[in-house]
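Colleague: Sequence:
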Amino acid sequence: MSKRSRYRARPLSQDDCRKGDHIYVHRLHSKVIQLVLRWRGYTHHGIYIGNGEVVHFSGLSSDYSKGSIRRVKFEQFAGGFPVYRWDYNFYRGEIHSPDEIVARAQSQIGMRDYNVVVKNCENFANWCVTGRSISRQVPIPVQRLGRHFHSWRFKS
Numbered sequence: 074m075s076k077r078s079r080y081r082a083r084p085l086s087q088d089d090c091r092k093g094d095h096i097y098v099h100r101l102h103s104k105v106i107q108l109v110l111r112w113r114g115y116t117h118h119g120i121y122i123g124n125g126e127v128v129h130f131s132g133l134s135s136d137y138s139k140g141s142i143r144r145v146k147f148e149q150f151a152g153g154f155p156v157y158r159w160d161y162n163f164y165r166g167e168i169h170s171p172d173e174i175v176a177r178a179q180s181q182i183g184m185r186d187y188n189v190v191v192k193n194c195e196n197f198a199n200w201c202v203t204g205r206s207i208s209r210q211v212p213i214p215v216q217r218l219g220r221h222f223h224s225w226r227f228k229s
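Take any residue in the sequence shown, count from 1 to its spot, add 73: that is its number in this note's numbering.
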């Protein structure tokens, strides 16, 4: 498939999303964490599958147990934050078709093997779109080291 034009300059409404879009939101931690660590937050990623639904890796749940890959409503995924479309314009590899992206995302629903370093929501969304499990939020050397200690592959 040819690369689709993906813009992330302006927030998206649910109506702006297209089936197979890799979408994300900026999430913030408490003001104390921002002040002490000088860290403004992180991005949370998912795949828009149509009909107002997103498949995402929920990460660590509120009781610190491992979350799972699940289907949620667009509003629940956004959590009150603006939603953006991930930009693949400079990606040089293959990008799967929207139907294949959705099929890949749905095939992982229920997986609970979350790992913040090598198997997180960004790894999941990139894997659905490109087949590569990568995350810009985690430095590459840390990801490589983490793969030695964690089973990180998504099932095909």
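Keep in mind the hints are simulated off the structure, nothing from the lab. Treat the hints with care, since some could be wrong.
To be verified - Computed Cβ-Cβ distance ranges for the label pairs, DEER-style:
no., residue 1, residue 2, range
1, VAL145, PRO84, 17 to 25 angstroms
2, ARG83, GLY183, 32 to 40 angstroms
3, ASP89, PHE163, 26 to 34 angstroms
4, GLY153, GLU173, 26 to 34 angstroms
5, ARG165, ASN124, 30 to 38 angstroms
6, LYS92, GLN149, 15 to 23 angstroms
7, ARG165, ASP88, 27 to 35 angstroms
8, ARG83, ARG185, 33 to 41 angstroms
Unchecked claim - In silico EDC-like links for lysine to aspartate or glutamate, alpha-carbon gap of 16 angstroms or less:
no., residue 1, residue 2
9, LYS92, ASP186
10, LYS146, GLU173
11, LYS92, GLU173
12, LYS92, GLU126
13, LYS146, ASP89
14, LYS146, ASP186
No residue lacks a Cβ here, since even glycine has one placed at the ideal position from N, Cα and C.
Colleague: Decide, hint by hint, whether the structure agrees.
Modeller: Quick rundown of the hints versus the structure:
no. : hint                                  : result
1   : VAL145 <-> PRO84: 17 to 25 angstroms  : holds, 18 angstroms
2   : ARG83 <-> GLY183: 32 to 40 angstroms  : holds, 33 angstroms
3   : ASP89 <-> PHE163: 26 to 34 angstroms  : violated, 21 angstroms
4   : GLY153 <-> GLU173: 26 to 34 angstroms : holds, 31 angstroms
5   : ARG165 <-> ASN124: 30 to 38 angstroms : holds, 32 angstroms
6   : LYS92 <-> GLN149: 15 to 23 angstroms  : holds, 18 angstroms
7   : ARG165 <-> ASP88: 27 to 35 angstroms  : holds, 31 angstroms
8   : ARG83 <-> ARG185: 33 to 41 angstroms  : holds, 34 angstroms
9   : LYS92 <-> ASP186                      : violated, 25 angstroms
10  : LYS146 <-> GLU173                     : violated, 20 angstroms
11  : LYS92 <-> GLU173                      : holds, 10 angstroms
12  : LYS92 <-> GLU126                      : holds, 10 angstroms
13  : LYS146 <-> ASP89                      : holds, 15 angstroms
14  : LYS146 <-> ASP186                     : violated, 22 angstroms
Checked against the numbered hints above, the structure violates hints 3, 9, 10 and 14; every other hint is satisfied.
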